[in-house]
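Model the full structure from these sequences, guided by the hints.
Next come the chains, spelled out residue by residue.
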Amino acid sequence: MADLASPNLLDVAVKLAVMLGFVLTVVPVMVWVERRGSALIQDRPGPNRLGPFGLIQPLADALKFIFKEDVTPSAADKPLYLLAPILALLPAFTTIVVIPFGPTLEAFGRSIPLVIAPAETGVLMFLSLASLGVYSLVLAGYGSNNKFSLLGAIRASAQMISYELALTLSVLAVVIPVSSFYLPDVVAYQQKHVWNVIPQIIGFVVFLIASFAETNRLPFDLPEAESELVAGFHTEYSAMRFASFFMGEYASMTALSCLGVTLYFGGWSLPFVHLTGWIGAIVGLLVLVAKVGIAMAVFVWVRWTFPRFRYDQLMRLGWKVLLPLAILNLLAVAAMTLAGWL
Amino acid sequence: METLTFLVFAALALGSALVVVSHKNPVYSTISLVVTLFSVAVLFVMLGAPFVGVLQVLIYTGAIVILFLFVIMLLNLQPRSRDESPFAGQGLQLAGAVIGGLILWFLIFFAFSNSRFAALKPLTAEMVSLKTLARDLFTEYLLPFEIVGLLLLVAVIGATVVARKVPQADSTVAYQKPPEGSEP
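Listed in order, the protein sequences are those of chains A and B.
Numbering-wise, the first sequence is residues 1 to 342 according to the working numbering.
Numbering-wise, the second sequence is residues 1 to 184 according to the working numbering.
Note that these hints are calculated values from the structure, not bench results.
Possibly wrong hints are sitting among the right ones.
Straight line, CA to CA, 30 Å or less: simulated DSS-like cross-link-like pairs of lysine-lysine [claimed, not checked]:
| hint | chain 1 | residue 1 | chain 2 | residue 2 |
| --- | --- | --- | --- | --- |
| 1 | B | Lys165 | A | Lys320 |
| 2 | B | Lys24 | A | Lys78 |
| 3 | B | Lys131 | A | Lys147 |
| 4 | A | Lys64 | A | Lys147 |
| 5 | A | Lys192 | B | Lys165 |
Derived list of chain A stretches under chain B, where covered just means 3 residues or more per stretch with a C-beta under 8 Å from a C-beta of chain B [stated by the list, open to error]:
| hint | region |
| --- | --- |
| 6 | 181 to 191 |
| 7 | 211 to 220 |
| 8 | 278 to 284 |
No experiment lies behind these values; they were computed from the predicted model shown.
Note that the Cβ used here is the ideal one computed from N, Cα and C, for glycine as well.
Laid out in C-alpha cells, this is it:
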C-alpha cells in the first residue's frame, strides 16, 4: 500500500484527469452505441442524420437538454428534489478512483502506481461508494411527491439492497485467493495465474446478473418500468436534471464494467505480454478502455434482448437463486484456496 | 491540511447529528444521519483505520439507513409540528439531552481515568491492518464473534416471524360464500 498521507498532488491531478476524461467521454459515446445498437437489434436505421453514422447525435441531445425548460413540480420537496440528480453522478465518479489502469510507472525519479487512490481497502471502497447510488433514486422518488416516482423509489431501494448482497459475495470470492483488497494486487495475481473468469465462472455469472440489477438496466429496470410507472423515479424531471440521471446510469455502467474487467478479465493487463514504462502505461490504459468497451456492449446487447422481469420474479431470482449461488461459490473458492488449487 | 480536513468533517458530523435529532421531517433526519455516518467514516480513515471507515459506509450508510428510509417512505410519515411532540415541551427534551450528555461524559471520563487505560499505547498501523483484524476475530475472539452472529440470526428469525402474515380465519371465509340454508 502506498502512503496515502503524502501523495504527490500533481500525480493525483493527472491521474484524475485521465480517468474522469475517460468516463466523461464514454457517456456520449455510449448514448450513441445504445441508440444505434438498439436500432441494429430491432432492424431499423436509428439516428443517422448528424455526422457520419449519426455520431454527432449525442451532442445534439446534450444541447437539447441544456435548452429545455427545467420544471420543478410545485408540490415537490424542493431541496431533496434538487439534490437527487447531483447524487446520481457522485457514486460513479468516486468509485473509479480505486480502478488501476496500468502498471506502476517509474518516471520522474519516483514510482507512480497507476491508480488514483492506492488504498489498501480498494475493493471494499468501491462497493461502499457504489452502495450510496441508491440514495439518488430514493430521494428523487420521494422528493418528486408523485405516486409513480415513489413506487419507483421503493422498488429501487428494495432491488438494489437485494442484489448488492450477491454482488458483494461474488466479489469477495475473487478476493480470497488473491488475499488482498488492493485492486492492482488482483491484476498482478491474474498476470501470474489465469484470468479469474476461468476458475470463478459461477461467481462471474452472479456478478454479471447483479450488476445489471445494480445499474437498473433491463431486464431489471423496474424502478423506471415505463409500461407501468410512466418513467418511475425520474417521472417529474426534465432538461439537464433528467440528463443527469441519464449520465449517472451510463457512468455507473462504466464504473461497474471497470470493476468487473479488473476482477475477472485481468484489468489493464494482456496475457503473455509484460510491458513497462511509458509504453506499458499507455497500452495498459488502451487495453482497459477496450475491455470496458466490450463489457458496455454486452450491457446494450442484453438490454435490447431480454424482456423485463416481474417484481416477484426479481425478488425470487435475487434471494433464492443468486444469493445461495454466491454463498456456495464463496465456500467453494475458500475450500479450493485452502487446498492449494487456486 | 490534515487539521483542516478534520475540522471540516468533525463540524459536518456534529452539525448533521444535530439536524438528525431536531428536524421535523423524518426523511431529512435520515439524510442527515447519512452525512453524520459518512463524516465519522472519514474520521476513522484519518485515524489510520480505513477498514473500519469503509465498513461503516458499506454497512450503515449503504444498507441500514436505506432500510430506515424505505420504512419511512412506506409508512408515509407526515412532518410533525413542534407542539404535537410526544413530550410535554421543549424543556423536557432539553433536560433529557443534558442528562444523557452528562452520563456519557461521566462514562468517558471514568473510562479514561481508569489506570488500565492509562497504560495503553496508541494502536499501530500493524494492529489495525486487515490481516491482524481477521486473525484476531477468528482466533482470540472467535466465541464472541460467533455469539454476535447467532444474535443477528435470532433477530432475522424474529423479524420474519413478526412480519409473517397470519392466515386469518375470516379472510378465507369471505371468498367462499356458504351455500344457502346450510347454517352450521
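We went through each hint and held it up to the structure:
no.	hint	in the structure
1	B:Lys165 x A:Lys320	holds (20 Å)
2	B:Lys24 x A:Lys78	holds (16 Å)
3	B:Lys131 x A:Lys147	violated (48 Å)
4	A:Lys64 x A:Lys147	holds (28 Å)
5	A:Lys192 x B:Lys165	violated (54 Å)
6	181 to 191	violated (count 1)
7	211 to 220	violated (count 0)
8	278 to 284	violated (count 0)
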